[in-house]
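Q: Could you build all of it, start to finish, from the sequences and the hints given here?
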Amino acid sequence: MDTKAIGGCAPEAAICARGISRDFEAGQTTIRVLHGIDTDIRSGEMTYVVGESGSGKTTLISIMCGILWPTEGEVKVFGTDIYKLSDTELVKFRLNNIGFIFQQYNLIPSIDVASNAAVPLIAQGVPREEARERAKVLLEKLNIGNQADKLPRQLSGGQQQRVAIARALVHEPRLVVCDEPTAALDASSGRRVMDLLREVAVAPDRACIIVTHDNRIFDLADRIIVLEDGRVTHDGKEMPDDH
Amino acid sequence: MLWIAIRMLTGDAQKFYGLLFGIGFSTLLITQQMTIFVNLVERGASGVYNAPEAEVWVMDPVSRTTDVSYAMPGTALDRVRSVKGVEWAVPHLRAQANVRTKDGDLEGVGIVGVDDATLIGLPERMASGDKSVLFAPDTVVIDDVGTTRLFPDGESALGSRLELNDQRAVIRGIADAIPSFTSTVVLYTRYSSALNFVPGTRNRLSFVLVGVSEGETPESVAARIEAETGLKAETRKEFARAGINFIIENTGIPTNFGITVFLGFVVGIAIVGLTFSLFLRDNIKQFGALKAIGVTNAKIVQMVGVQAGMVGAIGYALGVIGTVAFIKAFGSNPFFKGFYIPWQIPLISLVAVVIILAITGLIAIRSVLNTEPASVFR
Chain A
1 MDTKAIGGCA PEAAICARGI SRDFEAGQTT IRVLHGIDTD IRSGEMTYVV
51 GESGSGKTTL ISIMCGILWP TEGEVKVFGT DIYKLSDTEL VKFRLNNIGF
101 IFQQYNLIPS IDVASNAAVP LIAQGVPREE ARERAKVLLE KLNIGNQADK
151 LPRQLSGGQQ QRVAIARALV HEPRLVVCDE PTAALDASSG RRVMDLLREV
201 AVAPDRACII VTHDNRIFDL ADRIIVLEDG RVTHDGKEMP DDH
Chain B
244 MLWIAIRMLT GDAQKFYGLL FGIGFSTLLI TQQMTIFVNL VERGASGVYN
294 APEAEVWVMD PVSRTTDVSY AMPGTALDRV RSVKGVEWAV PHLRAQANVR
344 TKDGDLEGVG IVGVDDATLI GLPERMASGD KSVLFAPDTV VIDDVGTTRL
394 FPDGESALGS RLELNDQRAV IRGIADAIPS FTSTVVLYTR YSSALNFVPG
444 TRNRLSFVLV GVSEGETPES VAARIEAETG LKAETRKEFA RAGINFIIEN
494 TGIPTNFGIT VFLGFVVGIA IVGLTFSLFL RDNIKQFGAL KAIGVTNAKI
544 VQMVGVQAGM VGAIGYALGV IGTVAFIKAF GSNPFFKGFY IPWQIPLISL
594 VAVVIILAIT GLIAIRSVLN TEPASVFR
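Sequence order for the protein chains is A and B. Residue 181 in the numbering used here sits at position 181 of the first sequence, and the numbers go up by one each step. Each position in the second sequence, counted from 1, maps to that position plus 243 in the numbering used here.
Treat the hints as calculated values from the structure; they're not laboratory data. Since we're looking at a predicted model, the values are computed, not measured. Hints are all accurate, no fakes.
Just so you have them, the derived chain B footprint on chain A, three or more residues with Cβ under 8 Å:
{"#": "1", "stretch": "106 to 112"}
{"#": "2", "stretch": "115 to 123"}
30 Å max Cα-Cα, derived DSSO-like pairs, lysine-lysine:
{"#": "3", "chain 1": "A", "residue 1": "Lys92", "chain 2": "A", "residue 2": "Lys136"}
{"#": "4", "chain 1": "B", "residue 1": "Lys580", "chain 2": "B", "residue 2": "Lys480"}
{"#": "5", "chain 1": "B", "residue 1": "Lys528", "chain 2": "A", "residue 2": "Lys150"}
{"#": "6", "chain 1": "A", "residue 1": "Lys84", "chain 2": "B", "residue 2": "Lys528"}
{"#": "7", "chain 1": "B", "residue 1": "Lys542", "chain 2": "A", "residue 2": "Lys92"}
{"#": "8", "chain 1": "B", "residue 1": "Lys258", "chain 2": "A", "residue 2": "Lys150"}
{"#": "9", "chain 1": "B", "residue 1": "Lys480", "chain 2": "B", "residue 2": "Lys374"}
{"#": "10", "chain 1": "B", "residue 1": "Lys542", "chain 2": "A", "residue 2": "Lys136"}
{"#": "11", "chain 1": "B", "residue 1": "Lys528", "chain 2": "A", "residue 2": "Lys136"}
{"#": "12", "chain 1": "B", "residue 1": "Lys345", "chain 2": "B", "residue 2": "Lys580"}
{"#": "13", "chain 1": "A", "residue 1": "Lys84", "chain 2": "B", "residue 2": "Lys542"}
{"#": "14", "chain 1": "B", "residue 1": "Lys475", "chain 2": "B", "residue 2": "Lys327"}
{"#": "15", "chain 1": "B", "residue 1": "Lys528", "chain 2": "A", "residue 2": "Lys92"}
{"#": "16", "chain 1": "B", "residue 1": "Lys542", "chain 2": "B", "residue 2": "Lys528"}
Note that CB positions come from ideal geometry on N, CA and C, so glycine has one too.
A: Here it is as structure tokens:
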């Protein structure tokens, strides 16, 4: 694995992205959705990536967490140039280092909550019962330990969100990526989820990126990166006044 | 992960049962139709199977099966007996006749004339009565399936008098025989009686049944008979095969059953393919999430493989059990008498199921493999 620093990358950066561009083909036309983005994501911070629909925020975090190849540029995650890894190595890297929280949760409807939360461990090869026990410990921490044996459909939206958080953290990844974690929740539930995320997902050795356009939770960010038309237009502690 | 795959499948009860139905129905249709086909065409050899002592069948060179034969002069029997390696040789007559029943109905019957002294040519077992009854005058033994045609009301056939080609015949026994392809009523009688029952022509001897001496093989004796007599001689196995081939070559049965089996295969592909594709499509987000989390494509293929394998195993078992139940349920029906499932047929069905699942699985899994992990963020 290549752990050599790339140009201007802070040594403590969890993610170091340089010159990230991404094109998509639309019929005969090529559309560039990201234009040479340079940014770092630091451990110990909750970083928001915000922007209007179509601004490229989802594309950017997809590239940052190794599930979408950039057309140009380099991405180092914890010092590893992830797009120089083979396909198998990249999949394994994701499994061991990144936790995902999806907007739609994407829980498996036919297995119980504990098993859903244990999926990354099971994928790592941890025996099922051991993985479930470890997941149950985390579910307890998220105050849904008593729901461990239920199916996802028996839970409320907020509870399902907590299961998704448990699944993202159960294998103790160093990077947690959340896609619109509050989109389906009311304001108070959204803030509770964000408080919870801060409590469990932000740590000195762990980075947390959240893609959102929910302005109700902007005040909870440590850092906000604003994207417009595939370019970073703001990078700071607070949202700019014109947003 | 494979456990998760199985739970994903069984958790969607509607599609799970749909898949089981598709595979089960296909297996049932393929296995059942092929079983009926095989048993039906094997009846082309029933005449041979019903004379188990005969190791070699000798006939006129133009004869083809037990039912398509050309009579030989009586001297053929002596010529065959003179061949080295022939332990015994007996006359065998097969002909058609008409029976007027007590109710005045007319029924076409097959007449089988067996050796007067040894009764070789009779089926091995009797369903009712003893073989020795044939030594009484005017006696015939009827095959058990034939009784259901001549006596549909269930009255006892034993002791019944028949008008057989204008002559009196009395049924004094019922043979446990394999029905013929056409399910024609068969009346067994001694060779000398058969000559009386059947209208006369110059040559009357249909076949000579031969047993071979110790140390000889049926093949070598048959070859010797052909060489020395100019007659056609076939081993029991060869002649049975000829009867089966005659049915296959001269009827539309293989085509008809072939179409049904093919339709079973197509229906299986259609139901399973559609349901499996829908199942995977419904779970595409979950598969996408698994890929994003770090589950390899190889593991995803294994998961889908396990799902297909499980559906295949259960559906196949249900289909085969259904066929066995069908054969058992209809076992008392004369049409299905003696039907069995040759071991090759479940094997062929299994291959068909594997092909159905391979085709449908490969088509369905493409959508999963082509799903980009990044799609879960959209």
